[in-house]
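Colleague: The lines below spell out each chain.
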Amino acid sequence: MAILDKNLSLRNRNKMLVGVYEDEDNVMHATQSLVDAGIRVHDVYTPYPVHGLDRIMGIRRSRLARVAFFCGLTGLSLAVTMIWYMYVHDWPMNIGNKPERFTPSWIPVMFEATVLCTAFGMGFFFFWRNRMLHGVKNEVLDLRQTDDRMIIAVETQEGMDEKSTLELMKKHGAVELREFHNGVQTIL
Amino acid sequence: MIHDSIIRERLVTGDKTAADVTRDIARPILNQPSTAWKVGFTLSVIFLGIFALSLFYTLWTGIGVWNINKSVMWGWDITNFVFWVGIGHAGTLISAVLLLFRQKWRMSINRSAEAMTIFAVICAAMFPVFHMGRVWVGYWALPLPNGFGSLWVNFNSPLLWDVFAISTYFSVSLLFWYIGLIPDIATIRDKVTTKGAKFWYGLFSMGWTGSTRTWARYELISLILAGLSTPLVLSVHTIVSTDFATSVIPGWHTTIFPPYFVAGAIFSGFGMVATLLVVARKVMNYENYITIGHLEAMCKIIMVTGSLVGIAYLTEFFIAWYSGVEYEQYAFLNRAFGPYWWAYWSMMSCNLIAPQVFWFKWCRTTPWFIFIMSIVVNVGMWFERFVIIVTSLHRDYLPSSWVMYSGSLTEVGLFLGTFGIFFTCFFLFAKFLPVINMAEVKSILRNRE
Chain A
1 MAILDKNLSL
11 RNRNKMLVGV
21 YEDEDNVMHA
31 TQSLVDAGIR
41 VHDVYTPYPV
51 HGLDRIMGIR
61 RSRLARVAFF
71 CGLTGLSLAV
81 TMIWYMYVHD
91 WPMNIGNKPE
101 RFTPSWIPVM
111 FEATVLCTAF
121 GMGFFFFWRN
131 RMLHGVKNEV
141 LDLRQTDDRM
151 IIAVETQEGM
161 DEKSTLELMK
171 KHGAVELREF
181 HNGVQTIL
Chain G
189 MIHDSIIRER
199 LVTGDKTAAD
209 VTRDIARPIL
219 NQPSTAWKVG
229 FTLSVIFLGI
239 FALSLFYTLW
249 TGIGVWNINK
259 SVMWGWDITN
269 FVFWVGIGHA
279 GTLISAVLLL
289 FRQKWRMSIN
299 RSAEAMTIFA
309 VICAAMFPVF
319 HMGRVWVGYW
329 ALPLPNGFGS
339 LWVNFNSPLL
349 WDVFAISTYF
359 SVSLLFWYIG
369 LIPDIATIRD
379 KVTTKGAKFW
389 YGLFSMGWTG
399 STRTWARYEL
409 ISLILAGLST
419 PLVLSVHTIV
429 STDFATSVIP
439 GWHTTIFPPY
449 FVAGAIFSGF
459 GMVATLLVVA
469 RKVMNYENYI
479 TIGHLEAMCK
489 IIMVTGSLVG
499 IAYLTEFFIA
509 WYSGVEYEQY
519 AFLNRAFGPY
529 WWAYWSMMSC
539 NLIAPQVFWF
549 KWCRTTPWFI
559 FIMSIVVNVG
569 MWFERFVIIV
579 TSLHRDYLPS
589 SWVMYSGSLT
599 EVGLFLGTFG
609 IFFTCFFLFA
619 KFLPVINMAE
629 VKSILRNRE
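Protein chains in written order, with the numbering used here: chain A, 1 to 188; chain G, 189 to 637.
Calculated directly from the structure, the hints in this document are not laboratory data.
Keep in mind that this is a model prediction, so the values were computed, not measured.
Take these hints with a grain of salt, some might be off.
Unchecked claim - The calculated lysine-lysine pairs, modelled on DSS-like cross-linking and capped at a C-alpha distance of 27 Å, are:
#1 G:Lys-549 x G:Lys-258
#2 G:Lys-549 x G:Lys-470
#3 G:Lys-549 x G:Lys-226
#4 G:Lys-226 x G:Lys-379
#5 G:Lys-226 x G:Lys-619
#6 G:Lys-549 x A:Lys-6
#7 G:Lys-292 x G:Lys-204
#8 A:Lys-137 x G:Lys-379
#9 A:Lys-170 x G:Lys-292
#10 G:Lys-226 x G:Lys-470
#11 G:Lys-488 x G:Lys-226
#12 G:Lys-258 x G:Lys-470
#13 G:Lys-292 x A:Lys-137
#14 G:Lys-383 x G:Lys-204
#15 G:Lys-386 x A:Lys-137
#16 G:Lys-379 x G:Lys-619
#17 G:Lys-383 x A:Lys-137
#18 G:Lys-470 x G:Lys-488
Unchecked claim - Estimated spans, in silico, between C-beta atoms of each pair:
#19 A:Arg-40 x G:Arg-634: 49 to 57 Å
#20 A:Glu-167 x G:Lys-549: 34 to 42 Å
#21 G:Asn-473 x A:Asp-23: 53 to 61 Å
Said to hold, decoys possible - Just a sample of chain G residues kept apart from chain A, beta carbon distances all over 10 Å, derived:
#22 Leu-236
#23 Phe-289
#24 Met-320
#25 Ala-374
#26 Ala-385
#27 Gly-395
By construction, the Cβ of each residue, glycine as well, lies at the ideal position given by its N, Cα and C atoms.
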């Protein structure tokens with residue numbers, strides 16, 4: 001499976017129908033009714049996390065937790081290997097006649113290395129999956145989608161009834177309707 | 189339709205809308221700096237200068253310009269290290285532990301507390317690094333292949349655990365803070381008008397659009413990072429305490445140290461958060477976001493952790509007597525009634541007795557009083573570390589090596605100078621980044637059940 005989520009880019013897409021909302025309840029109802037009508041909602045852009053929206057849109061639960069687990073295991077094995085190599089294999093040191101093989105005094109370094117690798121490994125895959133990188137061009141449909149507006153974007157398909165889709169958006173409180181095609185937005 | 193809870197008070201007052209939140213919180217970033225900011229920043233830079241001077245003098249002349257001696261080898265220096273590390277812990281605690289416990293009041297204060305963590309850890313790191321004397325060989329503390337035979341670092345030593353713990357803590361906190369900042373940086377990116385600002389905020393927003401797909405993963409990564417940071421923060425101060433507890437110095441060699449240090453760290457950290465936020469909410473007009481309710485909640489935590497620390501002091505004393513070890517008994521009697529009695533009783537009165545005023549609601553809800561108390565807590569916690577370090581070291585097993593110790597001007601300068609580092613960073617943060625997490629605060633504007 002590709003790691004990068006291809007849904008996030010707006011480039012090379014069919015015409016998009018865009019509904020602008022001011023209220024999170026309206027967005028929830030609009031998204032639900034679009035999904036109920038069998039229309040695929042491409043994405044909903046919100047200035048803050050609106051809980052439940054991902055489930056309505058049918059987005060799969062993220063597998064980041066599993067990624068975190070494997071990154072943690074990697075960190076732990078790296079730490080054990082490092083300590084074993086330096087402390088047992090390469091140059092055994094006798095300090096206060098403490099045993100040179102595994103002792104509880106290895107645990108702090110093992111723990112810290114596990115946490116470090118989990119956090120950064122998970123961060124790395126999070127950025128990759130979400131197409132986030134320094135210098136990526138931001139594709140916002142509305143400058144206020146990071147402020148107080150919420151945007152529903154529906155990608156038009158062959159044979160789709162655009163008019164009824166727009167009406168559905170309007171019915172649930174869209175304050176503005178737009179079309180977005182090839183980087184140009186038209187207010188409807 | 190807004191469904192308002194009838195039993196919980198609103199976390200954000202003043203009937204704010206999402207647009208109001210952006211406008212209020214982004215105001216310092218989008219406008220010219222205020223006079224208060226300029227005055228504060230200038231003062232901080234002056235203190236930063238004191239740090240630079242003291243450090244230059246230390247490096248130029250040598251570590252002998254500090255008053256540490258062969259008995260008290262850890263003086264102001266390690267006191268300051270533990271003091272700053274402790275302060276840092278409240279940031280992680282507020283953002284991670286309160287996130288795990290779903291405490292929504294954290295949302296207005298977590299950003300500045302996390303920033304405080306990062307700046308405090310920077311200040312803390314200065315002390316052990318420069319205590320090495322030959323700082324240019326500081327990299328010897330890292331497990332690197334080297335040219336000195338095949339000598340590696342000692343994994344049995346708590347000082348090495350500290351190297352791993354502090355560096356992991358700093359970098360994971362920075363990642364946690366940065367991931368939390370991205371949505372807000374994107375908000376600022378879409379608000380600024382100048383070309384330079386657009387470029388920089390654009391660069392650090394990493395193309396954030398607020399897509400629901402990203403938000404879902406963002407919430408998950410925040411949760412897992414919180415789950416990781418919680419044991420991390422406990423481990424860091426536990427390891428700091430083992431710097432003392434694994435030695436055989438009377439007064440240090442006690443098993444109570446890890447929980448006692450962690451409670452102390454939370455206590456002093458919340459003290460510092462209260463100091464900063466009582467001022468920031470007034471100066472930056474954030475009274476609707478950081479409400480009296482927030483201050484009250486922090487005061488309750490200060491009171492509980494202060495009492496925990498107090499119980500630890502009393503338990504230590506009891507166990508010293510109960511152990512029957514005369515060295516241990518002497519170390520504690522010497523703390524309370526020896527030549528450093530004033531430090532011990534300052535610690536007791538600031539940390540155990542003073543926070544008990546927070547049983548009274550007036551004390552928990554009056555900002556100027558909370559500010560004074562937060563300073564008292566900070567002073568008390570500095571004295572705690574001073575007492576632990578200096579009273580245990582100045583009289584060791586051989587009475588012929590008993591000495592007295594007081595910090596030299598350079599040591600004092602370095603300590604005051606770290607406040608310069610801390611506040612310079614904090615003022616820059618308050619000017620260029622949103623001090624309150626806008627995205628999270630927008631999600632709690634409605635008081636839903």
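Colleague: Given the proposed pairing of G:Lys-549 with G:Lys-226, does the C-alpha separation stay at or below 27 Å?
Modeller: violated (35 Å)
Colleague: Are the Cα positions of G:Lys-292 and A:Lys-137 separated by 27 Å at most?
Modeller: violated (33 Å)
Colleague: Looking at G:Phe-289 again, its CB stays over 10 Å from all of chain A?
Modeller: G:Phe-289 is indeed farther than 10 Å from all Cβ atoms of chain A, at 17 Å.
Colleague: Beyond 10 Å from every chain A Cβ: check whether that's true for G:Gly-395.
Modeller: G:Gly-395 not clear of chain A: closest Cβ-Cβ about 3 Å, inside 10 Å.
Colleague: Does the structure keep G:Lys-226 and G:Lys-470 at a Cα separation of 27 Å or less?
Modeller: Holds, at about 16 Å.
Colleague: Holds or violated: G:Lys-386 with A:Lys-137, Cα cutoff 27 Å?
Modeller: Distance ~12 Å between G:Lys-386 and A:Lys-137 Cα, so the pair holds.
Colleague: Evaluate the condition: distance from the CB of G:Met-320 to the nearest CB of chain A exceeds 10 Å.
Modeller: holds (20 Å)
Colleague: With the threshold set at 27 Å, check whether the alpha-carbon distance from G:Lys-226 to G:Lys-619 stays at or below it.
Modeller: Holds. G:Lys-226 to G:Lys-619 sits at ~10 Å (cutoff 27 Å).
Colleague: Would the hint linking G:Lys-292 and G:Lys-204 be met if the CA-CA limit is 27 Å?
Modeller: holds (17 Å)
Colleague: Would the hint linking A:Lys-170 and G:Lys-292 be met if the CA-CA limit is 27 Å?
Modeller: violated (33 Å)
Colleague: Confirm or reject the statement that G:Leu-236 sits farther than 10 Å, beta carbon to beta carbon, from all of chain A.
Modeller: Holds, because the least Cβ-Cβ distance between G:Leu-236 and chain A comes to about 29 Å, which exceeds 10 Å.
Colleague: Quick one, are G:Lys-383 and A:Lys-137 close enough, alpha carbons at most 27 Å?
Modeller: holds (15 Å)
When each numbered hint is compared with the structure, violations occur for hints 1, 3, 6, 9, 11, 12, 13, 14, 19, 20, 21, 25, 27.
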